[in-house]
Every structure is written in structure tokens, then in C-alpha cells.
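> These are the residues of each chain, in order.
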Amino acid sequence: MGRSTNKDDAQALFQSLRAAYAATPTNLKIIDLYVGFAIFTALIQVAYMAIVGSFPFNSFLSGVLSCVGTAVLAVCLRIQVNKENKEFKDFPPERAFADFVLCNLVLHLVIMNFLG
Amino acid sequence: MAKLAIAIFLAISLVLFSRLSFSRESLTGRRILVLLDDLSIKSSHSIFFNSLRSRGFDLDFKLAEDKSLSLQRYSQYLYDGLVLFSPSVERFGGALDLGAVLDFVDSGHNLIIAADSSASDLIKSVATECGVDFDEDPSAMVIDHNSYAVSETEGDHTLIAADDFIESDAILGKNKIEAPILFEGIGHSLNAGSSLVVKVLSASPSAYSANPSSKLSNPPSLTGPALSLVSVVQARNNARIMISGSLSMFSNRFFRSGVQKAGTSAKYKKSGNEQFVTELSKWVFHERGHLKAVNVRHQKVGETDEPAVYRIKDDLDFSVEIYEWSGKSWEPYVADDVQVQFYMMSPYVLNTLSTDQKGLYHTSFKVPDVYGVFQFKIEYHKLGYTSLSLSKQIPVRPFRHNEYERFITTAFPYYGASFTTMAGFFIFSFIFLYHK
Chain A
1 MGRSTNKDDA QALFQSLRAA YAATPTNLKI IDLYVGFAIF TALIQVAYMA
51 IVGSFPFNSF LSGVLSCVGT AVLAVCLRIQ VNKENKEFKD FPPERAFADF
101 VLCNLVLHLV IMNFLG
Chain B
1 MAKLAIAIFL AISLVLFSRL SFSRESLTGR RILVLLDDLS IKSSHSIFFN
51 SLRSRGFDLD FKLAEDKSLS LQRYSQYLYD GLVLFSPSVE RFGGALDLGA
101 VLDFVDSGHN LIIAADSSAS DLIKSVATEC GVDFDEDPSA MVIDHNSYAV
151 SETEGDHTLI AADDFIESDA ILGKNKIEAP ILFEGIGHSL NAGSSLVVKV
201 LSASPSAYSA NPSSKLSNPP SLTGPALSLV SVVQARNNAR IMISGSLSMF
251 SNRFFRSGVQ KAGTSAKYKK SGNEQFVTEL SKWVFHERGH LKAVNVRHQK
301 VGETDEPAVY RIKDDLDFSV EIYEWSGKSW EPYVADDVQV QFYMMSPYVL
351 NTLSTDQKGL YHTSFKVPDV YGVFQFKIEY HKLGYTSLSL SKQIPVRPFR
401 HNEYERFITT AFPYYGASFT TMAGFFIFSF IFLYHK
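As they're listed, the protein sequences go chains A and B. Take the first sequence: its position 87, counting from 1, is numbered 87 in full-length UniProt numbering, and each next residue is one higher. Take the second sequence: its position 173, counting from 1, is numbered 173 in full-length UniProt numbering, and each next residue is one higher.
Any given hint might turn out to be false.
[Stated by the list, open to error] In silico DSSO-like cross-links for lysine-lysine, where the CA-CA straight-line distance does not exceed 27 Å:
{"hint": "1", "chain 1": "A", "residue 1": "K29", "chain 2": "B", "residue 2": "K436"}
{"hint": "2", "chain 1": "B", "residue 1": "K176", "chain 2": "B", "residue 2": "K366"}
{"hint": "3", "chain 1": "B", "residue 1": "K436", "chain 2": "A", "residue 2": "K83"}
The hints are simulated quantities; they were obtained by calculation from the structure and are not laboratory data. From a predicted model like this one, the values you see are computed outputs, not experimental measurements.
Generate the whole structure from the sequences, applying the supplied hints.
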């Protein structure tokens with residue numbers, strides 16, 4: 001077989017992951033970008049709270065919940081819209097998107113109230 | 001017709017005449033009972049009594065054993081001040097006794113006690129109740145071999161020249177007493193348990209209290225700095241008591257004689273007795289050093305009426321007017337050490353009040369960040385002045401729910417994050433639906 005070091009294995013794994021990801025449909029990639037943005041915003045807020053302290057704790061929770069909530073709802077949308085998913089084969093993607101919008105409305109109503 | 005005119009004229013002149021007769025205002029009332037051992041004291045101490053009369057007091061002289069003595073009748077006090085110039089009385093006559101004298105002081109009236117080398121147990125016990133302990137030895141007198149008053153005869157040094165005065169303009173007046181005081185009598189010590197008694201004239205460090213005619217077998221118990229010659233007490237109800245160990249300090253003979261302290265060369269033509277006794281009696285009868293505080297006011301800055309409740313972190317103004325009785329009228333009191341506390345179990349705010357020199361004292365401060373029932377407290381106890389103890393209660397409430405700041409600056413990142421997420425959701429849904 002030849003000498004395969006750990007570094008070569010890791011690189012090969014990485015390459016195959018990138019190739020497989022490149023094959024995903026564009027709309028799923030858009031959702032992934034959206035989730036990444038939400039998590040990134042959440043991390044910024046946690047870092048800010050670590051520096052300044054948790055004074056208006058309700059505002060902190062509201063901000064973090066909005067980011068984590070949108071991330072969760074976006075992941076749910078991705079699951080339901082993904083064509084390779086056997087469980088949701090006959091599930092119309094419009095229905096999934098409608099659920100996503102409704103849940104986001106409820107989420108934003110809640111965080112607006114809790115923001116203070 | 002003529003008779004009517006005369007009648008009207010007489011009536012008018014009567015009214016005018018009664019207005020003209022000047023009645024001197026006095027805080028304490030003008031009737032003073034003077035108890036004497038024998039009536040010759042009336043003439044031997046006449047300068048002192050005349051000075052009291054000239055200040056508007058009505059003196060009533062009685063023998064201490066007079067059977068008709070009484071301070072009260074039908075629960076009304078007949079006198080407003082008491083002078084005990086009867087050192088050797090064993091028992092007061094009439095309805096007077098130790099308890100009656102103490103009740104008299106407890107009801108706010110003033111007292112002057114003069115003792116002597118012949119002081120009886122009764123007078124000594126009156127003094128003990130006031131916080132001053134005379135020497136128990138009945139034959140003891142104050143002797144000072146270093147500060148006696150120089151006289152032609154070489155005496156036993158019981159006539160001493162004392163000049164160790166207390167530093168207080170309120171008690172002894174603004175003018176410094178230049179000449180020493182002639183004193184011949186017994187000394188006392190202050191009861192360590194009493195915080196209200198103050199030495200006005202102390203003996204020099206070389207003075208001691210002992211029997212002048214017998215040899216000392218052991219060292220005297222009362223000496224030097226512990227020995228006081230004249231003391232005053234201001235009770236918590238502001239009654240004032242003066243206790244002197246020498247009746248002859250008030251006498252005409254001592255008032256008029258010159259004095260020279262042994263060991264010094266300064267000869268004074270007139271002793272300081274008259275000035276000392278006059279100024280001290282002015283203080284005892286509340287002609288000096290009597291304060292009143294009126295018009296305690298507080299309001300929010302910018303408003304004029306007193307609110308019923310304050311809120312935490314309000315700004316408020318506090319003001320009070322303090323006046324001092326000058327003997328004839330109320331003058332503004334000027335001092336820079338009056339303080340007000342904003343007190344709830346302990347003072348949260350302690351401010352020195354600033355004065356406008358006309359008797360108005362004021363300060364402003366911010367209500368502390370604690371809610372509860374507070375008091376504005378003034379506790380002013382200055383040597384020689386009446387104590388001021390005022391308190392005014394005021395509740396302080398916390399913020400109402402709509403009195404907090406609307407947007408908290410430290411929370412702006414969270415506000416930003418929530419709105420960014422909403423905007424992100426909006427943009428995402430457009431892109432998701434309409435991408436190619």
C-alpha cells in the first residue's frame with residue numbers, strides 16, 4: 001500500500017468532504033450559509049457577555065435565543081427540503097417553507113417581548 | 001358731657017400707660033426663689049441680686065427652713081428658677097425636699113446651688129443627683145499653696161485665685177475674664193458616669209481638698225485636675241444647673257476686692273468674680289446659648305411644596321432655620337458645624353448645612369439608592385448651647401416599572417442581534433425562494 005501517514009489521511013478525508021459538499025444543491029448551501037450566520041451572531045453575543053457581564057440578562061437571553069432559534073428552524077427547513085431525505089419524500093417543500101415562516105414569526109414575537 | 005370726656009380721657013391714658021410699662025421678655029419666666037441660711041446674705045450679696053433684678057427677674061427671698069415654702073400649688077409651679085444659697089440647711093421647710101427640687105429641675109427649670117465649708121448632707125445630695133460629688137469630709141476645704149490669693153494676713157491658703165476657665169464663649173461670654181476669681185470653699189469632682197456635667201472653673205494642678213487646721217495623715221483624695229470649683233450641668237430637657245463650692249464667690253466683698261495670684265506679679269484692682277458670676281448666671285437663665293430650630297422644610301429641587309414620598313435617586317433640598325436667644329430677641333444663629341443626616345438605622349447621607357448668615361441652613365443631596373422609611377435627623381449638641389434633636393420622617397419608594405430607562409446601553413448588541421436576525425430571515429427567504 002505504501003506509507004500513508006495520518007497527515008495524508010486527514011488531507012484525503014478533507015478533500016472527499018469538500019468534493020461531496022460541492023455536489024449539494026444550491027438551495028441547501030444557502031440554508032447552510034444562513035445557519036452559519038446565525039451561529040456566528042450567537043457566538044459574538046456570548047463573547048460580549050463574557051466581557052461586559054450579564055447585566056440585562058433578559059436581553060442577552062433574547063438575543064441568543066433569536067440566533068439559536070433561527071438556526072434550529074433553518075436546520076428543520078433543510079431537513080424537510082432535502083430531496084435525499086427518505087422520511088420527507090412526499091413532503092411538499094412549499095409546506096416546509098410555510099412552516100418555517102410561521103415558526104419564525106412566533107419566534108420573533110417572543111424575542112421582541114423578552115428583549116425588554 | 002364733661003364727665004364723659006374725662007372718663008374717655010382716663011380710659012385712653014390707662015391703656016397707653018399699660019402699653020408703656022415695659023415688660024421684659026424672658027425665655028424662662030421671671031420668678032426666682034432664693035433660699036438663704038440667714039437674711040444677712042441678702043445684703044452681703046446684694047450686687048449679685050441687683051444684677052439679677054436689673055435683668056428683669058423677680059426675686060423672692062426666703063429662709064431655707066421657712067415653714068411656708070413650696071414650689072408648686074395645685075400642680076402649677078410658683079417659680080421659674082431656684083437659687084440655693086443655703087449651704088448649711090439640714091432640712092428644707094414647708095413642702096420642699098430633695099425630691100421636690102429634682103422634680104423642679106426635671107420640669108425644665110434652672111437651678112443655682114452654692115455650697116460652703118458648712119455644707120450639709122442635703123445640699124451635697126442635691127449636687128450628687130446633678131452629677132457632681134462634693135468631698136465627703138465635712139471639714140475639708142480647697143487649699144492651694146501655689147495659687148492662693150495674696151492678702152495682708154498670711155492665711156491658711158484656703159482663699160485661692162483661680163483662672164482655669166472652660167473655653168466657651170456661650171457659657172462665659174465673649175469678653176475674656178482677665179482677673180482671676182477669688183474662691184473660698186469646698187471642691188467637687190465630676191461623676192464619671194454623667195456625660196452632661198462640665199467643669200467651668202477648675203482648680204490649678206497644685207490644689208487639693210483637705211482640712212486646713214489639721215495635719216494630713218494620708219494623701220488627699222481630691223487633687224489638682226480632678227478638683228472642680230464651679231461646674232454646670234445642662235440636662236437633656238435643657239434645664240441648666242450651676243454648682244459652686246463657694247458661697248462667698250458671689251459676695252459683695254469678693255466682687256469689690258482686688259486680687260493677686262501668688263507667684264505672679266500681676267495685681268488686679270477688681271477680681272473677675274463679678275464678670276464671671278454675671279456671665280454664668282446669664283447662661284444659666286437661658287439669656288445666652290439657647291437655640292431654637294424652626295421651619296424644617298424639604299422639597300424636590302425646583303419645587304416648593306413638600307412631597308409625601310420621595311423616589312430613589314431624586315434630588316432634594318433641605319432647609320431649617322436656627323435662632324439664638326440674645327436676652328431680648330431671637331437672633332440668627334451662625335455656625336458652620338450643623339449637620340443633617342438622612343437616616344434609616346444608620347445615616348446614609350451626612351451633610352454639613354451651609355448658612356446664609358441670617359439663620360437659614362440648607363443643603364441639597366441625592367436620595368440614596370435604597371428604599372424604605374427614612375428620617376431627616378439633626379442632632380446638634382454643642383458645648384454651652386441647648387441640644388437640638390429634630391427628626392422628620394419621609395418614605396422613599398423604588399422606581400415604578402415605567403420609570404426605568406427605556407433602552408439600556410449595555411444591551412444594544414443584543415437589540416442589534418435580534419433585529420439583524422429578523423432582517424437576515426427576511427433576506428434569506430427572498431433568496432431561498434427566488435434563486436436560480
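> Could you run down the list of hints and mark each one as holding or not?
Results of checking the hints against the structure:
| no. | hint | verdict |
| --- | --- | --- |
| 1 | A/K29 / B/K436 | holds, 13 Å |
| 2 | B/K176 / B/K366 | violated, 44 Å |
| 3 | B/K436 / A/K83 | holds, 17 Å |
Of the numbered hints given earlier, the model fails hint 2 alone.
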